[in-house]
Amino acid sequence: MIIEFIYFLSENFSSLIQKTFEHISLVAASLLFASAIAIPLGILIARFPAMRALLLKAGSVSQTIPSLAMLALLVPVLGLGFMPTIFVLTFYAIYPILRNTYTGLQNIPFEYLEAAEGLGFLSFQKLVYVELPLALPMIISGLRLATATTIGIATIAAFIGAGGLGDFITQGLALNDSNLILLGAIPTALMALAFDYGISQFENYFYRCKQKTTNASAWKYKYLFLGGMGILFLGNYFFLTPQGNKASKVIIIGSKNFPEQNILAEMMAQLIEDRTSLKVIRRFNLGSTALVHQALLNGEIDLYPEYVGTAYLTVLKEPWDGTQKDLFIKVKENYKNQFNLRWLASFGFSNSQSLAVRKDFAEANNLKCLSDLAPLSKNLSVAAPPEFLKRPDGLINLKKAYGFNFKNVIQVSPTLMYVTIEHQKADIIASFTTDGKLRSANLIILKDDKNIYPSYQAAPVLREVVHQKYPQIEKALSPIFGVISEQKMIDLNSQVEEQGQLPSAVVHKFLRESHLFSEK
Amino acid sequence: MKNKKLIELKNISKIYPERDIPTLDNLSLSIHEGESLVIIGSSGSGKTTLLKLLNGLETPTSGSIQIKGKSINSYDILDLRRSFFGYVFQKIGLFPHMTVKENISIVLRLTKKSPKFCEERVCELLNFIRLSPDVYLNRYPDELSGGEQQRVGVARALAADSECLLMDEPFGALDAVTRCELQDEIIRLKEEFKKTIVFITHDISEAFKLGDRIAVMQKGKIEQISSKETLYGSPKTPFVEQLVQTGLGI
Ligand SMILES: Nc1ncnc2c1ncn2[C@@H]1O[C@H](COP(=O)(O)OP(=O)(O)O)[C@@H](O)[C@H]1O
Ligand SMILES: [Mg+2]
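Line order of the protein sequences matches chains A and B.
All residue numbers for the first sequence refer to this note's numbering, where the first residue is 1 and numbers rise by one.
All residue numbers for the second sequence refer to this note's numbering, where the first residue is 1 and numbers rise by one.
Calculated from the structure, these hints are not laboratory results.
It is possible that part of the hints are untrue.
[Stated by the list, open to error] With a Cα cut of at most 25 angstroms, we get these calculated DSS-like pairs of lysine-lysine:
#	chain 1	residue 1	chain 2	residue 2
1	A	Lys-399	A	Lys-325
2	B	Lys-68	B	Lys-4
3	A	Lys-126	B	Lys-194
4	A	Lys-279	A	Lys-399
5	B	Lys-194	B	Lys-5
6	B	Lys-219	B	Lys-4
7	B	Lys-113	B	Lys-236
8	B	Lys-236	A	Lys-126
9	B	Lys-70	B	Lys-209
10	B	Lys-91	B	Lys-68
11	B	Lys-112	A	Lys-126
12	A	Lys-509	A	Lys-330
13	A	Lys-126	B	Lys-4
14	A	Lys-126	B	Lys-91
15	A	Lys-359	A	Lys-336
Just so you know, these numbers come straight off a predicted model, no measurement behind them.
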């Protein structure tokens, strides 16, 4: 297990370094902003009691807001990426620094303040020469607290495409891959420890710079050091911010947060990198359909893979009763007119819903499609996740259309579903038609021959303006149009989901073996 | 010369709003140039308040304060604190995050004196208070003994070469031997630099040792102000008599 992880680590070392840097940039920028806000504010409330109680109360309440909820609220306002992340991180870092600045200033022994006044300090001289230096250990301990929480919370940046170590964690969660989760979690924890140690060392150095150099220059060094750190982090931050170089030839590819989406997005990314001179920025695992669609409309991403059925039902909110025809054409037209978005050609498969059975069972009973199942249904039990049992387009609809009457309906979590059927506790499960687990569990999908589900053809959706500007994108993607069958997609999904390979590696292998890279 | 008035307080009262009895009660007092005036009184008699009125940390409720014949209000109060008065605090109040050098030179730095000037002045003062600059210049207050700390406190008060030193029970917390040494330093200071010194104490033998004149304070009033001989020879009130006798160990 450990050996395996170390191997995994060495394989992903360069992306680990990159994510670590992104993480540090997020944290450092947020702490800088938070300090710039919280320290002056702390000084203010120490001087003027008017807003004190209110601010401290509000601050402590603010800490109880779940960071993810806050992020979700901010996305419609601030969009995706760095901005909302920095905002949220800064928000949570302010209170500990504010409170400690205030407490530090309040607890300065009266004798020093009296001495400063008796010696004729101006109010601001008293602050700079006496109060702040004496409150500094307290302020720094606030900073330490803030740093620890910020490093932790920064993992949420992954949900909205701002990068950082959280990317590994969300990918790991989406792919159910503990190595990936650890790859994100361990460095995050180590970073928190390292920062804490670093700051405490810095604190010792800062507070008690006892070396024999003349002290004026020692202070200069301290400020130089601080300034240097600040510039380093900010530079790093802007360097890594993709928004900054939007003007240059860049295309941002997004995806939702499950393996198939990662694979498709990665495939498009690799093809565009291979066949055009555009620079590709990957903003994968953005979340739900609504979120990714919004990101596309905002121009925070330029391109992502979507399913016709999802677009029809979820985005366009069109009605469906099984009789509507030509969904792809309708979706294409509506996207063009309503959103100025362009659907390219389908990848060649549809990731719809249906029921799956064990291969041997299907062969024994000569099952091919759902209609074949109906006569047997009263002796069979079906396992499905709760949504499938509840949703009108789930089991209810299936029963009506095909006249099923199952012996037994078992409600299980999606991951346990496969265990249930493998151990023959159920004969049938609900499944997506390209689910990678179908392969390892040795299941086959029964065809929805009455077409009660709309087509879930997968295809790239591209912003029309980007298409006009870079027509080479469509050309670069054309080699995979119509090429990926359901079986192929199951295969690719399985390599990622079941075998725990990285989408980038799986895609690269696929494109190479299918000779889809340009001949260079 | 001896009787030239440096500071004159006339009918000073100080009433803190949160207290019903006055802390200083219609008090008048002159401080002569070059003298050492010791103010003695029990705790709470208003000694510190009196000192704070002098350098503007408190303002009197009524009465007037004149410095060199001009009202205190006609001076820039920060200027007074920085360069007319030097203040030595009972709790010393050396800034713990500053070295000896930084502590002593802080007032000079506030008034933007050159680093070279500061350094020279600090060495001069350290030599005067008999702390070798080589050893002490870059030490922090917590690396000094109590006596050394208060010496530095005195040096800090002297840094701007102020005319008048205000010393608020400066040696109260020191052991008898150190205290005696420091008292000698004060006498030397007075003789060498001709400073005017207002010195507060609650110890009558210290008052006898240091004071050209001694003011006995009680409940915000001055009971008697005179040389120690007069004080001893003809105490005006029973309180003064009792005080003088405890000082003599009777
Ligand atoms: N800022 C203040 N507010 C209210 N009362 C004060 C304040 N400063 C001093 N006092 C009161 O005035 C009285 C005299 O105080 P102080 O001048 O410090 O006396 P001393 O120095 O002789 O011990 C004391 O009773 C004290 O409680
Ligand atoms: Mg006092």
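Check: Is the hinted pair Lys-112(B) and Lys-126(A) satisfied, with a Cα-Cα distance of at most 25 angstroms?
Finding: It holds: about 15 angstroms lies between the C-alpha atoms, which stays within 25 angstroms.
Check: Hey, Lys-70(B) versus Lys-209(B), does the alpha-carbon distance stay inside 25 angstroms?
Finding: 32 angstroms, violated
Note to self: Would the hint linking Lys-68(B) and Lys-4(B) be met if the CA-CA limit is 25 angstroms?
What the structure shows: 9 angstroms, holds
Check: Do the alpha carbons of Lys-509(A) and Lys-330(A) lie within 25 angstroms of each other, as the hint requires?
Finding: 35 angstroms, violated
Item checked: Restraint status (C-alpha distance of Lys-113(B) to Lys-236(B) at most 25 angstroms) -> 49 angstroms, violated
Margin query: Check the hint pairing Lys-279(A) with Lys-399(A) against an upper bound of 25 angstroms on the C-alpha distance.
Written below: Violated: Lys-279(A) and Lys-399(A) sit about 49 angstroms apart, past 25 angstroms.
Next item on the list: With a cut-off of 25 angstroms on the C-alpha distance, tell me whether Lys-126(A) and Lys-194(B) pass.
Entry: 31 angstroms, violated
Notebook entry, point to check: Is the straight-line distance between the alpha-carbon of Lys-219(B) and that of Lys-4(B) 25 angstroms or less?
Noted result: 28 angstroms, violated
Notebook entry, point to check: Are the Cα positions of Lys-126(A) and Lys-91(B) separated by 25 angstroms at most?
Noted result: The given pair, whose Cα atoms are some 18 angstroms apart, holds under the 25 angstroms limit.
Next item on the list: Verify the proposed pairing of Lys-359(A) with Lys-336(A), using a straight-line Cα cut of 25 angstroms.
Entry: 42 angstroms, violated
Margin query: So if I understand the rule, the pair passes when the alpha-carbon distance is 25 angstroms or less; does Lys-91(B) with Lys-68(B) pass?
Written below: Given that 25 angstroms is the threshold and the Cα spacing comes to 29 angstroms, the pair is violated.
Note to self: Holds or violated: Lys-126(A) and Lys-4(B), Cα atoms, limit 25 angstroms.
What the structure shows: 35 angstroms, violated
Violated hints, in rising order: 3, 4, 6, 7, 8, 9, 10, 12, 13 and 15; the structure is consistent with all others.
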